[in-house]
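Participant: Protein chains in written order, with the working numbering: chain V, 1 to 284; chain R, 1001 to 1251.
Keep in mind that a hint or two might mislead.
Mimicking EDC-like on lysine to aspartate or glutamate, the simulated pairs with C-alpha atoms at most 20 Å apart in a straight line are [to be verified]:
| hint | chain 1 | residue 1 | chain 2 | residue 2 |
| --- | --- | --- | --- | --- |
| 1 | V | Lys19 | R | Glu1048 |
| 2 | R | Lys1227 | R | Glu1217 |
| 3 | R | Lys1059 | R | Glu1089 |
| 4 | V | Lys9 | V | Glu205 |
| 5 | V | Lys87 | V | Asp46 |
| 6 | V | Lys9 | V | Glu59 |
| 7 | R | Lys1063 | V | Glu205 |
| 8 | V | Lys19 | R | Glu1089 |
In case anyone wonders, no lab produced these hints; they're calculated from the structure.
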Amino acid sequence: MLDAAAHDKLPAAPGVGYKPQHFAQITADPGAVKWLEIHAENYMGDGGRPLAQLRHLSERFAMSVHGVGLSIGGEGPLDADHLVRLKHLVGWLTPASFSEHLAWSTHDSHFYNDLLPLPYTDASLQRICDHIDELQSTIGRRMLLENPSSYLAFAESTWSEPEFLAEISRRTGCGLLLDVNNVFVSATNLNFSPQGYIEAFPLHEVDEIHLGGHDEDEDGHGRPLLIDSHGCAVVDPVWALLDFTLARSGPKPVLIEWDNDVPDWPVLEAEAARAATALERVPA
Amino acid sequence: MSVSQTEFTRAMMDAGQPVPDGLIDHHAQPAGRRFNVYRNNVAVSLTEAMHSAFPVIAKLLGKQNMDGLAGIYLRQHPPSTPLMMFYGEDFPAFLEAMEQLKHLGYLGDVARLELALRRAYHAADAVPVAPEELGALAPDQLMNTRLTLAPAVDVLRSPWPIHAIWRYNTEDGAPKPELRAQDVLVTRPEFDPTPQVLPPAGAQWIRALIGGASIGEALEQAAAEDKSFDLGATLALLLQGGAITGLDSKG
């Protein structure tokens, strides 16, 4: 049994996005998986099996709570009810980490269940920082903010994405979650160097790395358009970009995200084992 | 040339609207088809949420029809909170209002049963009282007792055989539904919600209990609806479902 006191920080080791169908195997033998991430919104019911499983897992694993519904980039105010729900979840679970997205998903009190894109301007910067300040003071802890997958850009943007995220971190004190697959997807779609992006990224503020699968499509001009789907294995060029990142950042907690067409446990565990191998190559 | 979130969502939810000016590709050309990624993501994720929320309705209608209905529903009733576990609460009334589905009058109530099962799955935990506690009460004491029921408990009344339809579409070898009214009790013995058919006037009795009536007062209401009301059988269903969480015999 692991020491519960060791669960207040994500280890620089592989984790996976938790899926209830894997509960029995994870509790029997987690293999290379050292920590688990859950989507906050799936654990905001009042009781039943989801919360019972979560209580059980949190005794054994360091947990990361990953919000997908706060709409930090929304033009309107943050949803006060949702802030209360997050505070409650983070309060009783006391996870090792809480993270959310540089995105919006709610507008005029409608929730669109997707991570929608933002212009990078002084005005959006101020609004996002205000929202992060409000969130961090409500839940009483530092959060991590994740870089998005981009399919298009805003003509009005005046900041590069790494600079924008670095400035948010500087102003609010929040940490960052670097999704290496998102970097690869955005770099392909918007034709920039993924290595250049990583080199411009404030890696010292990164407390977690995400990896996931993407789909391939094309835009209206026959050029490749990658879609962040979390529905398949991580591709080799993204593994290579992970190596490139870890060589500069040092070891970090690395999460495999597989949310759609969820595979059997051995397939997901093998992805985590591959992340473990990548981490072993990095000098501490 | 800024793009507001109002413009963005309007174009995202209606493919007939033009892609907002100010969204571009890496050559500073209009984003065009790239915007469809968001249109697709929203429609696909909410359609999938409807399929997993209403598997029996999806089975009854077939995938293509369910996809089409979900596509209309998600535009008329986008989620009002990020809690997708509760999405679809307007779907029963939506189904009943569809002219093309009027010949399938039972759909709305079957959808209500699926909603009730999902709510029960996420309802607060509660510790049931031991059956012996009820058994220890003298008959007149029992009649004066008020019951607290578990948060997972729900009662549905339908002119359609909703339990039989649900079973026929979720259980191998379940009998074919016969045309009759069915009242259904939903309980959650541990983690798995369980629907059970209630005997005549059982629904009336349980609803009276939930409304604060004593067992005896509720019995009078149930007997007024149906003289054959079976108190013992209905009480047994509640006990089996771990549905009684508190007794108040003070009168």
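Participant: When you check the alpha-carbon spacing of Lys19/V and Glu1048/R, does it fall within 20 Å?
Facilitator: Holds - the C-alpha atoms of Glu1048/R and Lys19/V are around 17 Å apart, at most 20 Å.
Participant: Are Lys1227/R and Glu1217/R close enough, with their CA atoms no more than 20 Å apart?
Facilitator: Given that 20 Å is the threshold and the Cα spacing comes to 15 Å, the pair holds.
Participant: Is Lys87/V close enough to Asp46/V, meaning Cα to Cα at most 20 Å?
Facilitator: Given that 20 Å is the threshold and the Cα spacing comes to 14 Å, the pair holds.
Participant: CA of Lys1059/R to CA of Glu1089/R, is that 20 Å or under?
Facilitator: holds (19 Å)
Participant: Does Glu205/V sit within 20 Å of Lys9/V, going by the straight-line distance between their CA atoms?
Facilitator: At roughly 15 Å apart (the allowed maximum being 20 Å), Glu205/V and Lys9/V satisfy the hint.
Participant: Can you confirm whether the C-alpha distance between Lys19/V and Glu1089/R stays at or below 20 Å?
Facilitator: Violated, at about 25 Å.
Participant: Quickly compare the C-alpha distance for Lys1063/R and Glu205/V to 20 Å and report which way the hint goes.
Facilitator: Measuring from Cα to Cα gives roughly 46 Å; hence the hint is violated.
Participant: Would the pair Lys9/V and Glu59/V pass a check requiring their Cα atoms to be no farther apart than 20 Å?
Facilitator: At roughly 14 Å apart (the allowed maximum being 20 Å), Glu59/V and Lys9/V satisfy the hint.
When each numbered hint is compared with the structure, violations occur for hints 7 and 8.
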